[in-house]
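Per UniProt numbering, the very first residue in the sequence shown carries number 1; after that it's consecutive.
These are calculated hints, taken from the structure and not from any lab test. Relax, there's no trap hidden among the hints.
Here are the simulated lysine to aspartate or glutamate pairs, EDC-like style, with alpha carbons at most 16 Å apart:
{"no.": "1", "residue 1": "Lys48", "residue 2": "Asp13"}
{"no.": "2", "residue 1": "Lys89", "residue 2": "Asp55"}
{"no.": "3", "residue 1": "Lys89", "residue 2": "Asp60"}
{"no.": "4", "residue 1": "Lys56", "residue 2": "Asp87"}
{"no.": "5", "residue 1": "Lys89", "residue 2": "Glu58"}
{"no.": "6", "residue 1": "Lys70", "residue 2": "Asp60"}
{"no.": "7", "residue 1": "Lys46", "residue 2": "Asp13"}
Here are the computed distance ranges between Cβ atoms for each label pair:
{"no.": "8", "residue 1": "Glu43", "residue 2": "Gly64", "range": "23 to 29 Å"}
{"no.": "9", "residue 1": "Glu43", "residue 2": "Asn80", "range": "26 to 32 Å"}
{"no.": "10", "residue 1": "Ile72", "residue 2": "Pro21", "range": "18 to 24 Å"}
{"no.": "11", "residue 1": "Lys89", "residue 2": "Pro21", "range": "17 to 23 Å"}
{"no.": "12", "residue 1": "Asn80", "residue 2": "Asn14", "range": "14 to 20 Å"}
If you're wondering where the values come from, they're calculated on a predicted model, not measured in any experiment. Just so it is clear, CB atoms sit at the ideal spot from N, CA and C, and this is done for glycine as well.
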Amino acid sequence: IGVGEGWCCHLADNSIALFIPPKLFNITLSREHFVNLLEYCEERLKVKRVLACFDKSEIDPREGIPRALKCIGFSVLPPNRFPNWLDSKTTFAMVYLI
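Starting from the given sequences, assemble the full structure and let the hints guide the process.
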């Protein structure tokens, strides 16, 4: 899909959590590649939501990638809506509903 090196994910409960590495915060992420990834998640993986996950200690949710994700339809996932396999104390997550 060509999004970036160092990404990992967790697929469960009709959701995919994409763990975005901190080194990407200071570089440009291709919007085209990210949209291709969302299309892949919808068409091939058949998930209902995509979670973009970041280490809370490494991110400012008002800047960089989180801010850009808001422009393509992501919203902040409230801690009470986190799946049980994702730690809301250490993770900042945004959600895109398909």
